[in-house]
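**Q** In case you want the letters, here they are:
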Amino acid sequence: MLILECPYCGVKAEETELHGGGEAHLKRFGPGSSDDEFHDYLFMKENPRGVHLERWRHVNGCGKWFHAARCTQTLEVFATYSAQTTEPPQEVKDKISAKRPGWTWREFEG
Amino acid sequence: MKRYSAFAVAREGLRYHTGWERAWRSPAPKRHYDVIIVGAGGHGLATAYYLGKNFGITNVAVIEKGWLGGGNTGRNTTIIRSNYLQDPSAAIYEKSRSLYETLSQDFNYNIMFSPRGVIMLAQTEHEVRGYKRTAHANALQGVPTEWISPARVKELVPIINLEGPRYPVLGGLWQERGGTARHDAVAWGYARACSDMGMDIIQQCEVTNVRTENGRVVGVDTSKGAIDCDKLGMVVAGNCSVLSEMAGFRLPVESVALQALVSEPIKPCMDVVVMANTVHGYMSQSDKGEMVIGGGTDGYNNYTQRGSFHHIEETVRALVETFPMVSRLKMLRQWGGIVDVTGDRSPLISKTPVQNCFVNAGWGTGGFKAIPGSGWAMAELMATGHSPLAEEFSMTRFREGKFIDESVAAGVAH
Chain C
1 MLILECPYCG VKAEETELHG GGEAHLKRFG PGSSDDEFHD YLFMKENPRG
51 VHLERWRHVN GCGKWFHAAR CTQTLEVFAT YSAQTTEPPQ EVKDKISAKR
101 PGWTWREFEG
Chain G
1 MKRYSAFAVA REGLRYHTGW ERAWRSPAPK RHYDVIIVGA GGHGLATAYY
51 LGKNFGITNV AVIEKGWLGG GNTGRNTTII RSNYLQDPSA AIYEKSRSLY
101 ETLSQDFNYN IMFSPRGVIM LAQTEHEVRG YKRTAHANAL QGVPTEWISP
151 ARVKELVPII NLEGPRYPVL GGLWQERGGT ARHDAVAWGY ARACSDMGMD
201 IIQQCEVTNV RTENGRVVGV DTSKGAIDCD KLGMVVAGNC SVLSEMAGFR
251 LPVESVALQA LVSEPIKPCM DVVVMANTVH GYMSQSDKGE MVIGGGTDGY
301 NNYTQRGSFH HIEETVRALV ETFPMVSRLK MLRQWGGIVD VTGDRSPLIS
351 KTPVQNCFVN AGWGTGGFKA IPGSGWAMAE LMATGHSPLA EEFSMTRFRE
401 GKFIDESVAA GVAH
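Residue numbers (the numbering used here), protein chains in the order written: chain C, 1 to 110; chain G, 1 to 414.
Honestly, the hints are just simulated from the structure, not real lab data.
Yeah, the Cβ is synthetic: ideal placement off N, Cα and C, and Gly gets one too.
Hints are supplied without guarantee of correctness; some may be wrong.
Stated by the list, open to error - Chain C stretches covered by chain G per the calculated footprint, using a threshold of three residues with CB under 8 Å from any CB of chain G:
no.	segment
1	42-48
2	71-84
3	95-103
Stated by the list, open to error - Non-contacting residues of chain G with respect to chain C, defined by C-beta distances greater than 12 Å in every case (computed):
no.	residue
4	Glu155
5	Ser244
6	Val253
7	Tyr303
8	Arg328
To be verified - Dumping the calculated DSSO-like pairs for lysine-lysine here, alpha-carbon to alpha-carbon at most 27 Å:
no.	chain 1	residue 1	chain 2	residue 2
9	G	Lys402	G	Lys154
10	C	Lys45	G	Lys351
11	G	Lys267	G	Lys30
12	G	Lys65	C	Lys45
13	C	Lys99	C	Lys12
14	G	Lys65	C	Lys99
15	G	Lys351	G	Lys267
16	C	Lys27	G	Lys154
17	G	Lys351	G	Lys402
18	G	Lys402	C	Lys45
19	G	Lys224	G	Lys65
20	C	Lys12	C	Lys93
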């Protein structure tokens, strides 16, 4: 069972308390963007076998959105961190790099 | 290949069963094939089979990372139906269902196709309207289905409780020609027939790189060495994003875990397939007597072939209300598979940005029933560059907004 520590209230929540929100750090494209950008933003999600950055909501808890860095191959959780950021903080990147050297994610890397 | 028959059983019975052959060969890979199919699950093997049978292309290798039929083909709940709302879906699933009807005879291998009938329960007013609409659509598509009353549901499924407080049964969408088949046998039957046509099925052989030159595919690197090909078909379900990344493009899918479970075997109590989409549960009784139960997908990306326990609990909780006798059953096994889900819950059978590289993926939670039709369409696309059945399932449909939106009709069980 997946257990994530909510970075806001500090509760170690198991997944029935949480709701997944899909890929994190999406760059949103709307009116004025090219067809390619809009298409990729809507449909071409990251789907790696490995490091995955994602959004979660502590639904049956404090109700806040946060981010998690997780491995889709082992279900290992590297870190959870604030939603108020457009990229993973350096210490989160370091934690991932310690376990998965050479990881990449769109424009981010370890 | 020796044919299976009653005579063969008698003959082997008289000589201590020493004359049975292996059902398929396990050759070492050649240096070059006309066509390489990656993924020896149902869809991959069916693609190879129809390439040979319909188009005479037999210099084919089917490469498999694990063992054949060991992924979602061996992990599903074996339901076969074609009562879809959208025309392109109904066309390919009905083609598939009709191919299933004669598959045992075509293979000379018993896939135990059992057209026992499939009911999709309507348990909310929305579902009542939705399924009536589907029944009308099916009539226009030439797929025989009908809307049936709760009394008829009870007649078909005596163990059902119509008066559930949370999930009353308000009727159902009934497809009499739907049913089940033995999922392993489907893969084995295709494998045996492919091997008999001279195709190579190479198991325990993982693709590590897809080689391209000037935007066209020239071969793959594998754990058993490099293999060249003229055309490449990627048919790897949950791992399709990983493989497409090797070829340098991205697919509009996300991989999530889907689970199923079976009970201890009991005496025959339900001779149809029942699907309850509101509560994300579907159930049938296998020939061994086990109740086979499928549930919903997890809510996050996952490649582990293990699912979350609370989804099992949700499924069983809902089924207990609809089928009170289930509460006394012990569950024997539970397992998960990784399904590749697209934005509109419909598959991709498509050319790709890489020339001569084709993809068949995105079957999500409902691929088993589609195996013959999917292979038929994919083979046609790979051999001729065009398939009427596959036309609408191109990966470019998202760009054009031409969704085949089945998620409205069946977000889960489809």
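**Q** Each hint should be assessed against the structure and marked as holding or not.
**A** Outcome of the hint check:
1. 42-48: Answer holds; 6 residues pass the 8 Å Cβ test.
2. 71-84: holds (count 4)
3. 95-103: Three-residue rule not met by the segment 95-103 of chain C, so violated; n is 0.
4. Glu155: Correct as stated: the minimum Cβ-Cβ distance to chain C is 38 Å, above 12 Å.
5. Ser244: Contrary to the label, Ser244 of chain G does not stay out of reach of chain C, its closest Cβ about 9 Å off (not over 12 Å).
6. Val253: violated, 6 Å
7. Tyr303: Check fails; 5 Å does not lie beyond 12 Å.
8. Arg328: holds, 26 Å
9. G:Lys402 <-> G:Lys154: violated, 39 Å
10. C:Lys45 <-> G:Lys351: holds, 19 Å
11. G:Lys267 <-> G:Lys30: With a Cα-Cα distance of about 50 Å, the restraint between Lys267 of chain G and Lys30 of chain G is violated, given a limit of 27 Å.
12. G:Lys65 <-> C:Lys45: holds, 25 Å
13. C:Lys99 <-> C:Lys12: holds, 21 Å
14. G:Lys65 <-> C:Lys99: The given pair, whose Cα atoms are some 25 Å apart, holds under the 27 Å limit.
15. G:Lys351 <-> G:Lys267: violated, 48 Å
16. C:Lys27 <-> G:Lys154: Given pair Lys27 of chain C, Lys154 of chain G is violated - Cα atoms ~52 Å apart, limit 27 Å.
17. G:Lys351 <-> G:Lys402: holds, 16 Å
18. G:Lys402 <-> C:Lys45: Holds, because 19 Å separates the two Cα atoms, which is no more than 27 Å.
19. G:Lys224 <-> G:Lys65: Holds, at roughly 11 Å.
20. C:Lys12 <-> C:Lys93: holds, 21 Å
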